[in-house]
Structure formats: C-alpha cells, structure tokens
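These protein sequence lines map, in sequence, to chains A and B. Every letter in the first sequence is one number past the one before it in the working numbering, and letter 133, counting from 1, is 133. Every letter in the second sequence is one number past the one before it in the working numbering, and letter 83, counting from 1, is 83.
Since the hints were made in silico from the structure, they are not lab data. Since we're looking at a predicted model, the values are computed, not measured. C-beta: ideal position from N, C-alpha, C; glycine also. There are no misleading hints in this set.
Under the rule of at most 16 angstroms between Cα atoms (straight-line distance), these lysine to aspartate or glutamate pairs were calculated in the EDC-like manner:
id, chain 1, residue 1, chain 2, residue 2
1, B, 78, A, 454
2, A, 8, B, 105
3, A, 2, B, 112
4, B, 191, B, 166
5, B, 25, B, 9
6, A, 2, B, 120
7, B, 133, B, 151
8, A, 194, A, 132
9, A, 2, B, 116
Selected chain B positions facing chain A (Cβ under 8 angstroms, derived; list incomplete):
id, residue
10, 58
11, 109
12, 110
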Amino acid sequence: MKPVLLLKMASRALRRNVMRTLLTTLGIIIGVGSVITMMEIGNGATRAIRKTLASIGANTLAIIPGAQNVGGINYGIGSQTTLTPKDASAIQEQCPAVANVAPLVRARTQIVYGNRNWVPTSIYGTDPAFLEVRDWTELAEGTAFTAQDVRNMSKVCLVGGTIVRELFDGHSPIGKEVRIRNVAFKVVGVLSPKGANMMGQDQDDTLLAPWTTIKYRVVATSLSSGNQSALNTANATEVNSLSNIYPNVTSSTNSETLYPTQSTNELTDVPQPIRFANVDQILVNARSAEDIPIAIQQITTVLREAHHLRPGALNDFTVRDMTEITQAMSSTTELITKLLLYVAMISLVVGGVGIMNIMLVSVTERTREIGLRMAVGAEPNDILRQFLTEAIALCLLGGLLGILVGRGASILVSSLLKWPTAASLGAIVTAVLVSASVGVVFGFYPAWKGSRLDPIDALRYE
Amino acid sequence: MNDLIRLRDIHKTYHLGEIDLPVLKGVSLAIARGELVALMGASGSGKSTLMNILGCLDHPSSGEYWLDGLDISPYGAKERARLRNRTIGFVFQSFNLLPRMSALDNVLMPLDYTREHLTEAQRRERALGMLAKVGLAGRADHQPSQLSGGEQQRVAIARSLINRPELLLADEPTGNLDSATSEEILEMFEKLNQEEGITLVLVTHDPGVAAHSRRVIHMKDGRLEDPGGAP
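Same shape as in the complex, but just chain B (with noise of 0.2 angstroms):
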C-alpha cells in the first residue's frame, strides 16, 4: 500500500442552526506518495473543506481517512495537532508569516511544537538550509515587512518544510502574487516534489497553476467529477 492518502466515502455537513449544509457528499480519493496533485474546482465546491479535512484541520462526520496507512479519522485534536506537526506542512494564499518576527525565526517556528529534541545550534542549522533551499539565504534576518509577496511565500515554505514533512498542502499558493513570481513558486514546488520526493496537493481555480501538476482533480457540489485512482 504505497498510497499516502486514501479517502472512503467522506462526508462533511454543517450544521448552521437548524439547517443542515452538506459541503462534501461522500468523497473518495487516493493519492500515492510522491505525487503532485491539483485541486480544483469553483468557489463553494468544497475544496477548502477537503483540504481542512486532509490537512487533519478538521474531522470528517463520516467516512474513513487513512494518512500514511493508519486511520485518523477518530483522531482528538491534540493528536491531530501532533500529526500536523509530523507529517504535514501547509502553505496558504495569504502566506500567513508572524509580523515583527525575522524570516529565521518564523522558519523556526514549528519546531517550538515538535517532539524531537534539537539543540539550538541545530535548530539554526536546519532552518538556515531551509532558507537557504528556498533561495533565500541572505534575507534570513529581515522581517515579512521588508520582503517582497513571493519571498514572504519562499519563507512560508520554508516554514513548512523544516519539520521534513510526507505531505505539503498548499491552499492557492500564488492567488496573491504576480504571474512571473507564481512560476518561481510553482517551479520551487515542482522541484521539492521531484527532488525530496514531497507529496503535494494545491488547491486553486488557476488552470495555469494546474498545468503544472501531473493530475488534476475537479471538485464540484461536494463530489470529485473524475474519481480518478480512487479505490
């Protein structure tokens, strides 16, 4: 079983008060390690839900969800946080770095929760390689408010790769950057993907985005319009 991911037959329903609001309406999916998969899909489809939900954010109501061969799906939030922290790294739209803090120390950041044990020289000595892989080796001292929108993203990446996670989730990566950065961007995941073996999985309505990654997968009301490699 090389799949990284497997999804049987999730469910997701809100309930808004006494209306209910089914978002995902039985999704099944498998996504093999190493692979580079596009999510797509109109504004209300339920991507976003399905990213939350395999980012470990969120908890399906129904359905199975197993992440590198074991059954999350009953998991609590501490041991959703703990395989967060693990296994998964997530890059968002908004780039989402802490203000007044130096790219280093929000490169850093993750490790503040994580179980391994590192001493500080080695915490350093990570998150500079990590800064150093994103091509931002000589701005590790500058605040996000001194750095451009794609090197904010370079940063945010490099936040999300210094726990060496299996899966990397990025939620409209490029919606706020320009066309010639987001290729920079798209060319940087495409090289982690190839290269570190990374399984990733963006999410966007950009098919320009899309064309990038070797599958594709549409989202519409709540289903997957081509259950391609689903079991």
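Next up, chain A with everything else stripped away, as it sits in the complex (with noise of 0.2 angstroms):
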C-alpha cells in the first residue's frame, strides 16, 4: 500500500470522531507541549547561569610565568620574567578561541587622597580588556580608560566600591586624584560592586590602571608576591612610598636623590640594560566554557613559539584555569537537563498509554472493518500498517500541537513570570522524534492485534 493511501486512511478515520482524536492527543499535547515549555526554561536557565558563572569568571585563564631557581633558591612560580605584553597580543591574534587577553602587572602599595590613606587588596596595571575578560564592562560611574591611555602610559584609574568609602567617605571621586606612591593618578570611573571572591577577597577593593604606568611609574619590579626572603637579597624594595627616610634610588618620580646621577658619558660606558617589558600575569578569557580545552592548547602553543622553546624543553609558563567552577557549571548544567528529561519521559510515557488505551478500543470497536477489509484483500501488515500509521498520526498531530502550546506556554513564562526562556529548535525537533516514537511504540500493540484476527470471526464479530 501506498503511504499516501494509508495516510489518507488514517486521516479519514482520525476525522471520523474529531472529539475522541482531540481528547486521545491531549495527552500527548501536554507531554510534548510540557517537554518544550521546560527545556525551553531550562536553556534559558542554564544560559543565566552560565552568564552568571562566566562573571565570577568561569572562562578566565591565567597565563603565569614559570618558576626562577636562582642557586638553589626556588622564588616560586610567577618568578620568571617571561611573559611580556607582546605575549599577549600575539595570543589576541592567533588563538580562535580566545575571546578577550588583558596583561596584568600588580602592585600593593599604599594609596593616598588628602589627608587618608589606604593599601587596596589589588592594585591591578592592565589594559580596557581586562574588564571584559572579567566580565566588568558597566560601571558604576564614569567611563573606562582606553587603549589610547595605556599607550600614553596616562595616569588615570578605575577605583572599587572599597576604595571609595574609605578614600572618599562614598563621594562620588569622579575626578579627583589619588596618589600612588607620590604619583597622581585622576579617577575616571568607579567599577560597579562585585563583592568578595570565592576566596573571600573583597573585589571591590581594587584600583585599576593602565598597566604601562604602573609598570613603568609606579613599580619597576616584578611580581611582588615573591619569595619575600628572596626578594630582600635580591633587591629591596621600598615599603612606604612616603618614606624617604630611606634611600630609594630605583624609585623614578623622586626628584631628590642621595646619590648623584649618571652623567651621558657615563651612561654610554655602562650602558643600562634595555628596560624589559614583562608583565605578571596575562589573563584570558575563553569564548565559551566549552573552548576552554581548545583555548588552553592554542595558547600554549602560541606561546611556545614566541619563546623559543625547542621541543621536548619544559614550558616557561603556565595556563590556569576555573576548575572548580567549571566542574560546578557542567554539573548544573548536566542535572538541569537530566530532570526535564525525566519529566518529559513521563509525560510522554503516560500521554501514550493514553494513545495505547483509545487504539485498543479503536480496533476492538472496528473489527467488522478489519474483517472486511481481510475478505477484500488486506494483508495482515497491510492492517498493521493501518493502526500504526492511525497512531503516529495521532501522536504527530498531538506533536505539532504541543508545539504551539509548548511555544506559547514558554512565551507567556518569560513575558508574565520574566523568566529567562530560550527557543530551542532541538527541543522541537527532539518533540516531534519523540511522539512519532511514542506512537510506533504504543500504537503497535494495538495494530498488532488487530492484524492478527481471523477474518472469519472478525465478519462475525457483533
């Protein structure tokens, strides 16, 4: 038999009792409208929490530099001066999928405006992309520093909610400027509340600028969360820009110093070394939590490449990434879509016994038929074939319905609950697999049955 002729059977005999065949595909309505309706909210969840995970910086790597071992003294990782801001550039340009790169160079120092002071948890030189990386871009106030500042080597800063209640007694400081270590820095903006990390470190507490000028006019060390015993041999540094008590000749914003300085002469005989831009960190973020993997592997090998490592030579860098935080997101992520599949099994489940229930009564009650169309010339799968396509037409009908409603039911969610929903065309596909299934399943039983009566007794059948 032709599909198209079992189609139209089916058809015919689906109008036959328009409220039965309404009433038997409520069932799958529901289900399927259930199943779209809910993975709709749970993609528009999972979304929101992805969004929500990626601010507290679920996609964000940090590039470190390695490990110095100087004479046996290990100063720790981060101790190698091998990341530099061309690193990052090249990292912005040929890792896919990075999104954003920021250079960080740090500082802890003391921060001063008028006649108060404060030493913030992180005092961050970094560049604009560095609020996009941690997902900071609205300020609370003002406007960002731009490219333009960090090439400029500006002074100018981004203050936290912290700093401005202890510098500024929560007056807006748009303007104003604050000294680091006697350098005058104006604030541009102040960055909009994050509160404390997962380690408890208030983020707020942070003052941002541009990472040239705090490399260059504010520190001309490295990392200064070295190895402190190290760090003391090695080059001592000041404790208290205030403080001149002390002489600090590396400082370059003090105008006197106890020492003379070099003369031209002097500077071509001893030539000083090339200043060499390294920075302390690089941090990226991934385009998605996803391309973590992939993003770790194009660094690493961009990396490679600009420094000259030969193969088999260990890496003078490493790439850290939120482990915690992404195994917390996929977990979420995972259970959210495993619940709505539970409940999508069980709607369906009992939307088709549902089908299952009136195909039964169907071929109970069209056994004179059966046995009529058997005498004619009909095959056993030919009523087979019958029933089954009643059924999937059926549970179509019933699919492309819940469609509508599952369409309509997420669009009334997010429009009278405001909750975040998301259009899935998976959902829809998977919908309309599912009820076709649901029908093959349920519908065969009943078809089954009916193709194996005897033709004899099905004519006799009252």
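Dock chain one against chain two, each of which comes alone in its own frame, and use the hints as you go.
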C-alpha cells in the first residue's frame, strides 16, 4: 500500500470522531508542550547560570610565568620574567578560542587622597580588555580608561567601591586625584560592586590603571608577592612610598636622590640594560566553557613559539583554568538537562498509554471493518500498517499542537513571570521525533492485535 | 479443465479444547466457469464453513482445493489475501458496508489492496461504472445510513465486482431484505452471471433463492447430499 493511501485512511478514521481524536491527542499535546516549555525554560536557566558563572570568571584562564631557580633558591611560580605584552597580543591574534586578552601588572602599595590613606587588596595595571575578561564592563560611574591611555602611560585609574568608601567617604571620586607612590592618578570611573570572590577576597578593593603606568611609573620590580626572603636579598624595595628616610634610588619619581645621577658619558660607558617589558600575568577568557581546553592548547602552542622553546623543553609558563567553577557549571547544567528529560519521559509515557488505550478500543470497535478489509484482500501487514499509521498520525498531530502549546507557554512564562527562556530548535525536533516514536511504540500492540484477527471471526463479530 | 473450482475430499475439523468437532467430512465438488450454484442446507450443516474455504478465508484441515487450476490448499494467510483480492468477490447477509463512508468510497475500498496500478481518476471511473451497473449512479455520495437495505446490498455487490473477480460468493445475500428487493437482487445476480460470465455461489436456506440458480447443492452433516458433478 502506498504511504499516501495510508495517510488518507488514517485521516479519515481520525476525522470520524473529532472529539475523541482531540481528547486522545491531549495527552501527547500536554506531554510535548511541557517538554518544550521545560526545555526552553531550562535552556534559559542554563544560559543565565552560564552568564553568572562567567561573570565570576568561569571562562577565565590565567597565564603565569614559570618558577625561577637561581643558585638553589626557588623563587616560586611567577618569578620568571618571561611573559611580555607581545605575548598578550600574539594570543589575541592567533588563538580563535580566546575572546579577550588582558596583560596584568600587580602592585601592592599605599594610595593617598587628601589626609587619608589606604592599601587596596589589589592594584592592577592592565588594559581595557581586563573589564571584558572579568565581565566587569558596566561601571557604576564614569568611563573606563582606553587603549590610548595605555599607550600614553596616562595617569588615570578606576577604583572599586571599597576604595570610594575608605578614601572618599562614599562621595563621587570622579575627577579627583589619588596618589600612588607620589604619582597622581586621576579617577575616571568607579567599578560596579562585585563583592568578595570565592576565596573571600574583596574584589571591590581594587584599583585599575593602565599597565604601562603601573609598570613604569609605580613599580619597577616584578611580582611583589614572590619569595619574600629572596626578595630581601635580591632587591630591597620600598615599604612606604612616603618614607624618604631610607635612600631608594630606584624610584624614578623621586626628585631628590642621595646619589648623583649618571652623566651622559657614564651612561654610554656603562649601558643600562634595556628595560624589559614583562608582565606579571596575562588574563584571558575563552569564548565559551566548551572552548576552554581548546583555548589552553592554542595558548600553549602560541607561547611556546613566541618563547622559542625547543620541542621537549619545559613550558616557561603555566595556563590555569578555574576547574572548580567549570565543574560546578557543567554539573549544574547537566542536572537541569537530566531533570527535564525525566519530566519529558513521564509525561510522554502517560500520553502514549492514552494513545494505546484508545487504539485498542478503536481496533475492537472496528473488528468488522478489519474482517471486511481482510475479506477483500488486505494482508495482515496492511491492517498493521493502517492502525500503526493512525497511531503515529495521532501522535504527530499531538506533537505539532504540542509544539504550538509549548512555544506559547514559554512565551507566556517569559513575558508574565520574567523567567529567562530560550527557543530551542533541538527541543522541537526532539519533540516531533519522540512523539512519532511514542506512536510507534504504543500503537504497535493494538495494530498487531488487529492484524492477527481471523477474518471469519472478525466478520461475525457483533 | 474448465472447472473454476475443484474440491477433493475436503475435511475441516475445529479443535475446541479437547473436543474435536468435525464440520466438513470429505467434500468433493467441481464448479465450472460461469455456473450459478446455490448451496443449501440447514444451519450446522457446514455450508458456511464450506463457503469460507471456497472464499479462501479459511483453509481445510485436509483435502485439496484447486481454484482456477491452482492448488491453493497450502497457501498462507498472505497469499490467500492476494488471491481473495484478485479472484473472489464477497457479498454478505449484513452488507458489511463501512459506515460514514460514501457509497463510492465503499466501492473503492478493495482497490486499496490491489496490486494493479491505477490512477485516482481511473479508480473513480471504474467505481462509478460499477455503481451504474447496479443502478446507483446517482447515489455515489450517499452514506450507507442514507440508503435502503436493497441499495446497500447493491453497493456491496458493486464493491465485490470492483476487482473484476471470477468468482462471486454470496452468503445469504437476501437474508435481510424484503421479498421484492430480494427479487431485484437475485435478478441482478442472474444478469451478472449471464452477461459477465461471473461464476456465482449463493449460500442460502431459502428455496426461493435456490429457484433462481441452475444447480442446487444440498449439504447435510458436513457432506454433500447429491454430489452431482463431483470428480
């Protein structure tokens, strides 16, 4: 029998009792509708969770220079000065899995405004991409500094809420100047509050400035949180920028020096090493959570090439990801997906049982028709196909109506309850496939029963 | 060999639990092409069972059945279904029309299972032709509930003819009809037999029906009473 003919027969049988058809499909309509609604709500929730987790840095990768080992003293991770701003731009250009790259220079020192002073948890020298990486682009006030500021070594900064409270008494700091080691930085913006990070560190206690300014005007040393004992022996740094009690010749901003400055001749005779622009860290964010492993691989390749590392040589850097957070993210989204799958299963099984029930009634009711069809030459398979097609048509009809109901419900949910939903083509395709297979699974037994009837008994059936 | 039907020593035994119930006890019969045969007998004589075997709805427990020169006794359900579709038409006592389907659709129904490839227009044309032949040209769109008993039976006859069968089996075709209508239906059978050469087997217990046929076969207790024409 041709499929067209089967469909025609099925549609005729279904139209014979429209009310019953509709009530039977109701189970499937509700099943498919709820699957789609749930999936769309789930998708929306997953997206929202991803966004939230991304804002606490789930997609963030930190690239840290390797450890330096000099004369048996290990200076700990980050003590090598191998990362350069060039590396940052190389990563930005050559790693497609990476969205944003920000170099980072750290300092820990006192900042002064008027008669107040404060030592922020973190003073970061970076570039505007940092805000993208940390998902911090929305400022509470003012504007971020620009790439131009980074190039010009501009003395501008962004401050966090804690600094505003401690130094400015909560008044707007825009346009005011704070001093960091006697360098005056103009406050151009206030960071939006982010609270503590997972380690309990206050993220609002942060000052952001162009990395060039921090690097060359504030700290001329590398990572300040190295091996303290080694630091003391290697190069003594200032403890307090205001204290000029001890001679600190390294500070370029000090106008008064205890030792005479070098003359031009002396400079040519004893050339100073060229200031090597290294950064303490490079922060990167991957395009998505799935891209993290790819991003790590790409970064490793690019940096090994940039650092001229021979095959077999150890990396002189480390790429760290936020494994804890990514795992939390994937387990959360997995849980949501599974939960929805179970809900879907239950409601569709209930709908399928309804279909089976009605198809059994239908087969019994039409026993004489089956007998007659067999008498005029229908093979058992023809009968099987006829009733199976009917069941599948019933389920597909329910599936299609269910898609409409589901879409409608999810639109209602998002507009009335303001829950985030996301349309999903996958959900719709799944719903159609699942409802068709429900038709096959639950329609098979009644159809098979019909096809096994004996034509003589069927014709005699009252 | 011009016989359309040849039965040799057909037995049919039903197994009801532990009891064996023999219904046909050795029926041998030959029906030639173009015959109009009445099969008569009291109820329980086995005429319905014989009819089912003739119509390939059932298969005999033992014995041989040649239809149109082919031994069909070993045929399975699928092959018998094809055979029914191609060579046999059925007319039932209770008409067995599908409700809520027009007369035309009822007549078209057997074509759903035919192997012949016909276009929609050809099928329609053929069905309308059949309806015209039974005198219902104007009632193609009526549903069975809108037709009288005689008209319903005529639709059923048109349906049984749609695949141009060689053999038409009618089981008490006039059992549900009044005498005037019965007469019309029987005349139609005679006409089909004479004009189209269709072999007709009428199962009946009404002697009036048997009077229309040229050969009457009586059955009693699973055997033929006068095995006239038996091989």
